[in-house]
Every structure is written in C-alpha cells, then in structure tokens.
Amino acid sequence: GESVGLHLPTLSVQEGDNSIINCAYSNSASDYFIWYKQESGKGPQFIIDIRSNMDKRQGQRVTVLLNKTVKHLSLQIAATQPGDSAVYFCAELNDDGGGADGLTFGKGTHLIIQP
Amino acid sequence: DVKVTQSSRYLVKRTGEKVFLECVQDMDHENMFWYRQDPGLGLRLIYFSYDVKMKEKGDIPEGYSVSREKKERFSLILESASTNQTSMYLCASSKHLSTEPTDTQYFGPGTRLTVL
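Those protein sequences? They're chains A and B, same order as listed. Under our numbering, the first residue of the first sequence carries the number 42, and numbering increases by one thereafter. Under our numbering, the first residue of the second sequence carries the number 1199, and numbering increases by one thereafter.
Possibly wrong hints are sitting among the right ones.
What the hints assert, rightly or not - Taking lysine to aspartate or glutamate pairs in the DMTMM-like style, the calculated list, with each CA pair at most 25 Å apart, reads:
#1 B:LYS1201 with B:ASP1226
#2 A:LYS148 with B:ASP1257
#3 B:LYS1201 with A:ASP125
What the hints assert, rightly or not - Derived DEER-like restraints, expressed as beta-carbon distance ranges:
#4 A:ILE153 with B:THR1284: 24 to 32 Å
#5 A:PRO156 with B:LYS1251: 25 to 33 Å
#6 A:GLN86 with B:GLY1238: 18 to 26 Å
#7 B:ARG1212 with A:LYS97: 49 to 57 Å
#8 A:ASN59 with B:ARG1310: 31 to 39 Å
#9 A:VAL111 with B:GLU1215: 46 to 54 Å
To be verified - Part of the chain A face toward chain B, derived, beta carbon under 10 Å:
#10 TYR77
#11 GLY82
#12 PRO85
#13 GLN86
#14 GLY147
Think of the hints as simulated: they come from the structure by calculation, not from any bench. Each residue gets a CB set at the ideal place from its N, CA and C atoms; glycine is no exception.
All chains, full assembly: derive it from the sequences and hints.
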C-alpha cells in the first residue's frame, strides 16, 4: 500500500483566503518531505521542502508544517491567487544512504480557486 | 535553471509495438527517474538510475526497461506495449550529494502515451 496520502482529492477556496492542504504519511523513518505543484499539462514543480529535524519552514506565501508525532504534513498557502490553482502532491523520502533517492508520492489534492 | 526535456508530449502506439521514451537533462545530475502518473494513483516510480549504465527497479518495473548510456540521457522502453500502459510518463533528475539526504527532483513536462 501507499505510505503517503492526502486527505482530500479536491479543495475549493475563495480567492484571497488561505489554503491548507494536508498529507499523512505512515513511514516514521522518512526524513525528508517535499511539496510539488502540478499545473494542467505540465510536470510537477518543486514548491518547498522540509527535513525531519524541523517543524516548520516558510517560503514566499507558503508554509510547510511537519508534525512527526502524528505523521502529518501540511502546506499552507497565504492569500490564494488564481495562479495557485493546480494539483498539489506531497512526497516523502526514506534515505537509506545509498544510490538514488526515489520519492514516494501522495495521490494529490486539486486546489480550485473560486473568484 | 534546470531543464529536463522529454522527446514527445503526446504519443499514440498500437498494442505490441516497441516504444521508446527519451529524457534529457542539462544540469549534470547523477540521478534520473521515470514515473507514471495515473488518476487516483498519483506518481509511481518505474525505474531510476544513479549513474551511467546503472539502473534500479522502482515500485512498478514490470513491462518496462531502461537505458542510461550517457549521463544526461535516460530512456524508458516498453518492449511490447499494452493498453494498461496508457498513461502520463514523467521523467525527473536530481543531484545526489553525499552530505545531504537528497536534492530536489526536477521534472520534465511529461509524455502522454496512448496504447490502442
């Protein structure tokens, strides 16, 4: 089964509101997490990452929160804009120290922005 | 900026055909990956490579093979295409640093393959 998942396949928010996209993971050994944004017809684009020794990391209008106790990851987007409309994926890495690092992806949440 | 390119955006093949999907990256990355993306299933890793001529199976390698003859190029091969291989195929690359868990994976635009 999949070790990373998202709670909601679709999230609809009003333009200007804050968006919160959630992700649960089951592998407690995972030590690195990434959020990707995928717009229609394009490949996923990196948004922000966080390592397991951190609880919070902020970027431009985005914040990622990591709660290792309950194995929960969230992406917060401030003042959502029409250009934020996309599918958002969380991904986890369990680095065993060797070779390439393949990520395990969640199924994705489609963020819809209402005018 | 990192650039990952894929040879085709759209491809239509018939059952039983041999299919080649090409991926090229221009940032001298060691690692390259092939994923497929299906509705409701997210991104699933098919194969990855951490060096020239090296390859490792991902989560769903059955029905696929790969080739990495040059560092910048990673090819995905469907020896005999089947209808259940109709999907969006995404290539990615990253630079593996021994002192860091990983570097970000950069994705290509994807190839939408339809097998009739």
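* To do: Hints the structure violates: just list their numbers, smallest first.
  => 5
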